Structure formats: structure tokens, C-alpha cells
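*Asks:* This is what each chain is made of:
Protein chains: 6
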Amino acid sequence: MRILILTPILVRGDTGRPPEMPLAPDVELSYRALDRGSASIESYYDEYVGAMDMVEKALEAGKEGFDAIVIDCFMNPMMEGLRELLDIPVVGAGEAALHVASMLGDNFSIIDPDPPHRTYSHRVAAAAGLLHKLRSVRYLNLGVAGVLGDFETVLGRMVEEAVKAVEEDGAHVVVFGCTGMRPFAEKLAKKMEDYGVPVVEPITAAVNVAEALVRLRLRHSKVSYPKPTEKKRVF
Amino acid sequence: MRILILTPILVRGDTGRPPEMPLAPDVELSYRALDRGSASIESYYDEYVGAMDMVEKALEAGKEGFDAIVIDCFMNPMMEGLRELLDIPVVGAGEAALHVASMLGDNFSIIDPDPPHRTYSHRVAAAAGLLHKLRSVRYLNLGVAGVLGDFETVLGRMVEEAVKAVEEDGAHVVVFGCTGMRPFAEKLAKKMEDYGVPVVEPITAAVNVAEALVRLRLRHSKVSYPKPTEKKRVF
Amino acid sequence: MRILILTPILVRGDTGRPPEMPLAPDVELSYRALDRGSASIESYYDEYVGAMDMVEKALEAGKEGFDAIVIDCFMNPMMEGLRELLDIPVVGAGEAALHVASMLGDNFSIIDPDPPHRTYSHRVAAAAGLLHKLRSVRYLNLGVAGVLGDFETVLGRMVEEAVKAVEEDGAHVVVFGCTGMRPFAEKLAKKMEDYGVPVVEPITAAVNVAEALVRLRLRHSKVSYPKPTEKKRVF
Amino acid sequence: MRILILTPILVRGDTGRPPEMPLAPDVELSYRALDRGSASIESYYDEYVGAMDMVEKALEAGKEGFDAIVIDCFMNPMMEGLRELLDIPVVGAGEAALHVASMLGDNFSIIDPDPPHRTYSHRVAAAAGLLHKLRSVRYLNLGVAGVLGDFETVLGRMVEEAVKAVEEDGAHVVVFGCTGMRPFAEKLAKKMEDYGVPVVEPITAAVNVAEALVRLRLRHSKVSYPKPTEKKRVF
Amino acid sequence: MRILILTPILVRGDTGRPPEMPLAPDVELSYRALDRGSASIESYYDEYVGAMDMVEKALEAGKEGFDAIVIDCFMNPMMEGLRELLDIPVVGAGEAALHVASMLGDNFSIIDPDPPHRTYSHRVAAAAGLLHKLRSVRYLNLGVAGVLGDFETVLGRMVEEAVKAVEEDGAHVVVFGCTGMRPFAEKLAKKMEDYGVPVVEPITAAVNVAEALVRLRLRHSKVSYPKPTEKKRVF
Amino acid sequence: MRILILTPILVRGDTGRPPEMPLAPDVELSYRALDRGSASIESYYDEYVGAMDMVEKALEAGKEGFDAIVIDCFMNPMMEGLRELLDIPVVGAGEAALHVASMLGDNFSIIDPDPPHRTYSHRVAAAAGLLHKLRSVRYLNLGVAGVLGDFETVLGRMVEEAVKAVEEDGAHVVVFGCTGMRPFAEKLAKKMEDYGVPVVEPITAAVNVAEALVRLRLRHSKVSYPKPTEKKRVF
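Chains as they are written, first to last, in the numbering used here: chain A, 5 to 239; chain B, 5 to 239; chain C, 5 to 239; chain D, 5 to 239; chain E, 5 to 239; chain F, 5 to 239.
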């Protein structure tokens, strides 16, 4: 089974190699980034810039015989369009993470890299139909780039907000609100064990969901995502 | 006051001139279509194709001193991104229509040009936070292009579905689910008067909402739609 | 176009003249108060006292050829009954304000003149079908009369609560929960610009919504608001 | 314990005597109608006409030492204002009926005397916070007066719609949407036993809820229903 | 009328006698506990242990001619199964308390004996379809056993959390989240009178609801709770 | 990785062997049924009968080193209690199926073996927090035993109801509402391909979700499912 992680941005520190993660023995993981797009996704505009290259790379992946595509961004950019165009499962990291979190406890809180009171995380939860499970959003106030700063400092901030989510907001599960936070997953999960609170990392969650869909021979509903019809399009 | 109707597609029968509609005496209406994009919006993919040209034309309009932009599509494509980038109100035809409909009665039904059971209309209502007011979607099963077919035949289909929405589904208000249906608005409204049921046409509703926002000196919240930060972007 | 602002109370400081506000050149604004009713609306009982005079004055306005009526109270008193009785749009200040706010951002908070924890504001949001957009209610704890106290003191309290709504509760838009707060609108709006947060003042919002409905030739659904039948009534 | 059934209309066939119903041995039931008001409640306007007489009669009842007041109308007219003004429980027939129905099964349908597609019943369910339990509204299309027509014919219509509610809509419980339907309660309940479906009659449900509240020494929250303050009021 | 309070646990301090409470003169109250089960209900596992003995005692009560059964636990354990098996009303203390609370004010908060952030109370509110009325859960952090500790200390904790529910969370009604808290009901109710906030005690609420259902000759819907069919069962 | 399918009933035709399904190469599947319990789960009572044996077998499995337990019933019986008692993931077939279905399309319908209008399926969707995605329940009216009748006849009924779910109700995804329907999964899936509608079979979905949770090293939140405390319990 071949799964492609497609990142909707230009580069990432670990470009070229998929992130390390536990995998079924028969799963082969690939990783590709965009040539045309934004350096990070922090706005709808950032998404538009990379939309057409994302489509192109996804169509290529479909032709190369990949079994599933995972979108490497909590915001699930272009997820709907790729599902329309392709005949293989297209799994968004944010959507998958929130469904996994929903199966682990009564509610979840999201650790969000943004400045306070942004509602990107709320929108992802609402789009997944899981807003009622969102206990709180805890803001790191670092920005996506800031997450790549000093490891211990950033980890400290994450622990601080995750503990507040549990102790002040009553979170039962914690979800990372950005796939760029992956390097901190094991450390934070270890820390939150003291509270009995699992930590869901979106990109590993999404790869495992993609594997499950492939194994179950399931594809997205073509009533929800009908194939675009032929028509005049100027590029 | 100058309002621009920006259509997210390549052409429309009445290109170059804004649709006829009642306007406040001090409102000047302009109309522009895309040079690069799809011939119609019937999928997410259709939206992506025109996204960057839409952005370009909206930014130009901002520089030219337009007071507001109206997006000429029930699906509100690129509405969020334009709100991020601009400092003037950006009004989506679908969003405005559903809020107007919500102020006219207890619920509404949408007349949708699509084949049965598509959920584009549901998604527009959900995105506007008004899904609980959606009584039903009635499908014309014509497609956006089909709506441009024989006038009397198409009008007949609209009347048929609107009456079913009222009599079978219990709709209190009827909303057009496509701005391409505008030529039928007066005729259908006249017909539905017998039922005491108002008909909301999205593009005229949106222009009037835009006028109201300009007059009230209101702009979209920058917490909901923060200005995109400078970063590396490859086009 | 002639719009009547009908206030459901006995008097207001500026009786006789409609509040100053930007208007389309062809809109003529009138203003009338009750002869029989309560000095302010702070309870359901206050509404009942003025109900029949409100009906009488609205019916008169209909006969005089007004194009729309705006109810000058956030609580929308008698809105449903006037819609039943009249054939012109009847716009409630609270309902209109919340729909306008909903089109400006992801959520809103209401600045309420009441003592803490009253739920009048929640009920207005619920009746409009927009409770899910209500982020918080911030209480001035002044009462409707208290709002007419020392301007700078009252303004200070409003700024304080509006800033808390934004910084502590995460509000994206701020709405005045009483039309008596109108004199503070420009000042508060100016202040909240620093936060990128628009301020919606209900009576100006409602007048502009009324203008839009008249221009769009829309009236309220007679399925939602059927004309009362003839029957024995003792007054 | 003395409970007053207060009817918000001018007369009813059985005026002067409370309806027959099973009662605890220590409950004494009284019944009063309005001197000024409408002959029936079929619109908001009908409610306004009787509002002030309703208040007057309720205040009298409070002074006479009644332990609770039951509002004899499914629409719960003036329920909120009476709760503000009085220190004894004020129980609305519609609200009580829907809570009782909610404790008997997973959902309920309402048999409504109105023409099809009116939403009075939906509004009562929504105001009670129980709209999600409303499976359907089944319309008799008789009007409140029509319910007083030929007994067997009306009963036939009720049975017909109740059976459709169960067989076509999947109702688990049936609720009468008008206290004027009380004479049919036993007959319909008997009939619906074949389906295992209980029938809730609002006025008897409300009297029993009122008894329970009195026995439990519970009164309505004064935070929800604060006592109206002294102020200028012109009658 | 004979009502049985059936407690789903092994013993309680006042075993053998039903709790003192105001009752209609014709109501005879009995009380029984389990022989096989858990000492208290603080987990789903605790419920399973007593499930079969609960069923046995309920079936016996049905044969003995009891008119209704009240389940003496806020969690409503085995409520669904007993409703399937019996032909008399089976009232859960938690479900009844939340419906009574819903009729007294706009929202309620639950005082829960558990450690912070448990969601048992949320689940009871959700199962009753009343989660939207739940303003907050306030945790005593004592456990069910801790509630039986020093009276004044425990009462002090309850007052503290109830006042916080009202002043900080905006609760309009307070509900006990455990039937073991009954001895504190009068004292707390007295205290909360200063705030105009009623206090609902679940077991007395449930007995009065049961009385009402019996008097109204209502039973649970057999569509919601069909009689279990004969089949192979190994005990 | 060792996963145990634990069936909450006495026997199943294929007892002793887990159902055939695609599996990751490193997953070893086991299957166990109850010695004490009911022959099928069609009521809450049926669940209680097997509860303690289910607990016992699950605790044994935990001691034997299984990595996860899958509950082989759409109703998810005893899922909460097993999660309290064990330190490995416990996946309910119904919960897992509905989350998988939610990731495949905008809504789903459930094919339910029960007689019409039962609400077991609704309750499973509600408990999973996914009721808003449930488009309809389609009843086979066969009962769990009836599903084991003549293969072609039963398949015919399934196809009939699945097609109605798609064509009449607008379902985008179809879910089996009973794990006993597994033998029909491939055939129905094949048939529904013509409609572009995926079919989710609960037990295979649950096994794959369990695999994902184990691989991700995730366990259920101990705040949602705290370990039962030691206390007196009589068995």
C-alpha cells in the first residue's frame, strides 16, 4: 500500500522525507511539497496561492498509482477539490485528527499556534461536524514559524497550554492544531500521561486513517464529491 | 457609493453590465468577470481555477476606491480570502441571501440547479450558521448551464419545485440557489405571492446588504479575517 | 421611501426626531413614541403595557403609506404581531443587528445594560436563530435608565466591557444590546478599531435593513405571520 | 393546595368549571376566563388583546392565596410576564406537556388544529428547548373553532393524523397542540394504545406539573424572571 | 397510589425507609435497595454489577402492583431496561430533576460530588436532551462517600459551589447531581433564596413526577422501549 | 499486534473464528463469545444479561496481553465500562463505523434490521455525537435473527432499502446497523458503486480503527473513563 503525504506549502525543514512514524509493514510512505504556493498556511489567501499546484501534484499521484493521499495541514486545504478529482481516499490531517480524538474521550481541546481568538481551529472542527466536542482552543501565540523556534521553549509553552486546557477548561483529549508541531508529540504525550489525557498528532492520525480506508476498500462518496464536469477553463 | 459585482467565472450572458436592479440613487454599480477561471462554479475545483484571478481583480478594485465588493455566486467562493486581503466589505451572494431570508420568515427552502441530493446548498447554509433554518433543498436537476435554456421551460421547473417546497416541505420563504437564476426572479416572486411566500434573489440581496454595510461604515472583523502576513510565496 | 421608527415606550430624550444617521438620499425617516406604555422595556410586563398602543400606531402608519416600520428596541417587542397585521416590512432592531453582526465575523458579544446574568440578550439571539454565534454577554449593570447617566462614565464602562469581550471572551464583533446606547456608538466603534472589531448599533442597522427590504420589494412571509382572522375581541 | 386554571381567552364552552381530571385529594382546582381579550388564540395579536386582563386576573389570584397558576393554552401566552409579577409557580400548558412527553419517549409529534405549515407548534417546542424532540407537526386544518365541531368527525381527523404521525413520521409520543382538544383525549389515548404510543393532553399535564412544583416548594428563578421595577407606566 | 423508590446500590444510611418528603395524601412510598450490586454508583462498572438484581427487584415490584418505580440515582442506571420490561412508569431521578429544573428557569448548573472535569453530569443532561440548558457543572471533589462526611463542612462546600455557579457561571437554577445529597437540600435551598435561585433535589423531584404520570395514566412509549422478545438467555 | 473481537452474545454462526477481513500483516485477530448472556442484542435488557461475563472476558483479554478489544455489536454494549476497567483501546463497532462514515461524505443513512421507527440507531449516532450526520434510518423489519434467513431474500431487502436511502432520503454513505449483516457487505458495496455511495460495515471498520489506535499508541482518556475505585461489591 502506497500513501502519499502531500504538503500544501513550499518547504518544510524535513522536506523530501516523510516524518518518522509507526506503520503497518505493508505501507510505503512518500512525501511531496509544492513548487508554487505559500511558505506556510496561516490564511485563506495562503491556501489559494498553492491550490493549482496541489491539484497538479495530486493528479500525478493518482496516475502513479498511490492508494491514498494525506493532506499535511490541520486546515485540510483543497481536501474537497482533491476528493472530487481523484478516485482514491484523500484524508485531511485536521479532519482525521478530530475524529480520532472524538473516539478517545468526551471532548477535546486544540493547541493552536496562532495568536489568541483566531477561529481557524473552530472552523476545522465545525467543518468536520465536531464543534460540539471542542472544549477550548488554547493559543500558543507563536505563529506557524514560531513553532520552529527553540525546542525547549516551544515545548514549555505547549505543556503550559495543554495543562491549562485540562485543568482550567476540562479537556479530556488534546489535539495538535498544526502538523508542524509533530516533533513535540511524544514529549507532550509523555507529559500528559500524568493526567490520563491522550495527545493526538494530526499527520500520524491521518496516515493511519488513510491506511484503514484503503484496507477497507472505501472511497469518498461521489454524491458528496462529484467528479467535475468538462467545461471551458482558462488557466 | 461604488459597489463592484465580481463574478468568479469567465463569462455570463450579460457580461460587462451589472444586472438591472432597484438601487439607492447614490449607488453606482459595476460588474467584472474573470479572465482566468472556470465557465461556471459547480465544484470546488471550479473555484480553485479562478482563485488567483479573483484575488487580483479584487485587489485592483480596492485600489480603485470601490466601497464594497459583491461576489456573484451563491457558493461565496473566495469570500474569506478577499475579506482578509481588503479593507472594504466583501459580501457573498449566498450568505447575504440566507440572512435576508432568515429575517423574512421562520424557515427557507433553496431552489438548487443541481442534480438531486447534492449538498452544496446545505454547505452554504451551514457556513452561514443558518442550517437550522433550511427546510429543504429542491433540485432543478438542470445544472448551471441548463438554467440558461428555454425560459418558459426553466421557469416552469422553478415554479413546480417552489410550490412543492411550500406545499410538501412547509417552506415559508424561497431562496434561489444560483445567481444565474436571476432572470426568473420577478416571475417566480409574482407566482409565489398567492402563497404569501417571498422569493429571495441572491445577487440583488447581496448588493443591498453591501450598501447597508457601507452606509453603516462597517467592515469585516479583522479577528475573523486577519490580514495575511508577508512571507515567501511562489506564483 | 418612508420608514417609521416606532419606539415601544413612552418617551425618549430625543423624542419627536429620529436619531441622526447616514441614509440613502431617497429615504425619509420618521419617529413616533407611545402614549400608553412603559417608560422603558426591562421586562415582559413592560412590553404588555404598551402592546395595544403599539398596534394602533403601527396600523395608522400602514394606512399613512409608510414603506416599513422599525421597532426601536433590542428586544423586538410586538414584532410578530405587527408582522401579522401589516403588509409592509416590520424590522426589529435586535433581530436586524444580530444578522448584520453575523455577516461581519465568526461570532459576536452583546453589551447589555442589565445586571449580570440576565438572559434577555440570549433570548433575542435564540429567537433570531443565532444563539450559536453569541460568544458572551457583557453586563453594564446600569439598567436602561443608567445608560442615560454621565456620558464619559457610561462610555468608560462600555469600553471596559467591550475590551473584556474581545480579550477575555474572544468576541470578533460587538453589538449594543439596547437602542438607548446609540449616542455611544461612534466613540466605541473608534476605540474598537484598534482591535479590528466592528461595533453594530441596532437602530441604524435596522433602518438600513428595512431600506434593503423595501428596495428588494420583500415582505414577511404570510405563512410565518398569517393575517389574524376576524373573531370576537373585547378591548 | 389551590390551583387556578387561567384561560387567556374570553369564553370556552365549559366556562366557570375547571375541566374534569384526576387530582390529588388535597388539590382544589378553580377556573377563570378573561373579560377583555380574544375569543381564541390563533395569532400573536390575539394574545396582545388579552394581555393586560390576564395580568390583572393573575395578580388577583396571587392576592387570593392561590398556590399556582396554570395557563390554559398550548401557546403559553403571557407566561413570562406572569412569572415576573408573581411569587407562585406559573405553568404553561404547552411547556408542561412537552416536558412530560419528553420523559415518556425518544420523540413526540404534535397534533395541531391549524392549517398546514404554520409554525406555532415549532415555536412552542423551541421556546421550551425541546425542538430536537419534535418529530413532526400534524395539522388538523380545522382551526381552534373547528375543533368544537362534530365530535366524531373531529375525533376521526385526530386519529387519522395521530396514526400518520406514528406510522409515517415515526412519532413515539403524541401531544395535543391545543387545550381545546381536551374532550378527545381519552378516546385518542385508547386508540393509540394499539401502537404503544402515549397521548399527552396539555391542561391535565400542566395541572399535575403545577401540583408537583407546589409540593416541592419550588418557584421560578428570579434571575430568569426578575420582578419588574417601579417606573412610569401609562395604561 | 404506591410508588417504589428503588436504589441501584447495596445500602444507604437510611436503608429501609424512604426519605422524608412532602407527598399527596394518597401516595404511599416504599423503598428498597439491592442485595447484589455496588456500594455506590461512580462508574459504568458499578452499574453493571447491580444490573440483574435491579431487574429482579423491579419485576417483583411490578407483580406486587406498584404504580410506579423511581430510580434513586442521578445517573438513571438501568432506566431503559426497566422501562422495556415493565408496564408502569419508571422515572429516573436525574432525568426528572433536569426536566423540572428546565421548567423553572432559562438554564441550570449541577453540583456534582465528583472530582473536577468528570462528565457524568454532562452525559445525564445529554441523555435527557437538555445539554443546551446546562450552564456549568460545579465539582465538590468529595466523591459519593465524601458527601456523607461532616455535615457542616459538606454543606459549606455545596454553598460555595452553588454561589459560584450563580455568580461566576450565571446559573439560574441549581440541581443536585447525586441523590445522596438530599439531606442538604432544605439548607441549600434556604441559602439560595437570597439569589432568587431554586434548588432541585432529584429524588423528591422524581417521586413527584412519578405521581403525576400515574395520575395522568401515562406510561412510557413502547416504541421507545419495546418489550424484550423471548430468546435464549443464559444467566 | 493482537486484537480481540469480543461478541456480547452467546453464539454466532461463525463462532470461534473471527470474520474474514483484510488485515495488516502484523495484526493477529481473535474472536470470543459469551458463556452467559443473550442470544442477540435487541434491547437494553439483552445487554444487562451479558454484562458481567463481558467484563470478565475483557479483563482476561487484558491480562493475556491483547493490544485492543473490539466490541462486536453496533450498539456498543458495555463499551464505557470496559474502557474504565482496561488500559488498552476498546473500540465499539457502531461508534467506529459512524466516524469512518463521517469521513467519507456529508451524511449517512443506517440500514437497521429492526421494525420501523425503533430509535436504537439514532441513539448510537447521538452517543457518538454524530446525530446531525444521520440522514435517515431504513428498517429491514427482519430482526437480528431474520438477517440470518435466506441470503438472496435478505440481500434483496438490503439493496431495496439502501437504494431508497440514496434516492429518497439523499444518503451519501450507507452504514450497516448490525454486525450480523457482515456477510452481505461486499455484495451491497458492489451494488451501491453505481450510485457512488460507499457502504461501511461496522466490524471491519472497528478492527481497522483499533489497529490505528494501537499503532498510534493512543488509549482512551482516563478523565472520560476513570478507573473504578475499590469499594464493597456483592456479585
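I should point out that these hints are in silico values taken from the structure, not numbers from a laboratory. Misleading hints may appear alongside valid ones.
Remember, identical chains collapse to one label, so a pair may be satisfied in a single copy or spanning two.
To be verified - Straight-line alpha carbon distances no greater than 35 Å define the calculated DSBU-like cross-link-like pairs of lysine-lysine that follow:
| no. | residue 1 | residue 2 |
| --- | --- | --- |
| 1 | K191 | K231 |
| 2 | K235 | K194 |
| 3 | K226 | K67 |
| 4 | K194 | K231 |
| 5 | K67 | K231 |
| 6 | K236 | K67 |
| 7 | K226 | K194 |
Being a predicted model, the structure only gives us computed values, none of them experimental.
*Asks:* Is the C-alpha distance from K191 to K231 at most 35 Å within one copy, between copies, in both cases, or in neither?
*Replies:* Cα proximity of K191 and K231: across copies only (24 Å, versus 42 Å in one copy).
*Asks:* As a check of your reading, is K226 near K67 (CA-CA no more than 35 Å) within one copy, between copies, both or neither?
*Replies:* Classified as within; 19 Å inside a copy, 41 Å across copies.
*Asks:* Under a CA distance limit of 35 Å, which applies to K194 and K231: within one copy, between copies, both, or neither?
*Replies:* Classified as between: cross-chain Cα gap 19 Å, same-chain 44 Å, threshold 35 Å.
*Asks:* Classify it for me, K226 with K194: is the Cα-Cα distance of at most 35 Å met within a copy, between copies, both or neither?
*Replies:* Cα proximity of K226 and K194: across copies only (14 Å, versus 41 Å in one copy).
*Asks:* Could you place K235 and K194 in one of the four classes (within, between, both, neither) given a Cα distance threshold of 35 Å?
*Replies:* Classified as between: cross-chain Cα gap 30 Å, same-chain 53 Å, threshold 35 Å.
*Asks:* Have a look at K67 and K231 and pick one of within, between, both or neither, based on CA distance no larger than 35 Å.
*Replies:* within (16 Å within a copy, 37 Å between copies)
*Asks:* Reference check for the pair K236 and K67, CA-CA at most 35 Å: within, between, both, or neither?
*Replies:* Answer is both; intra-copy 23 Å and inter-copy 30 Å each pass.
The structure meets every hint from the earlier list without exception.
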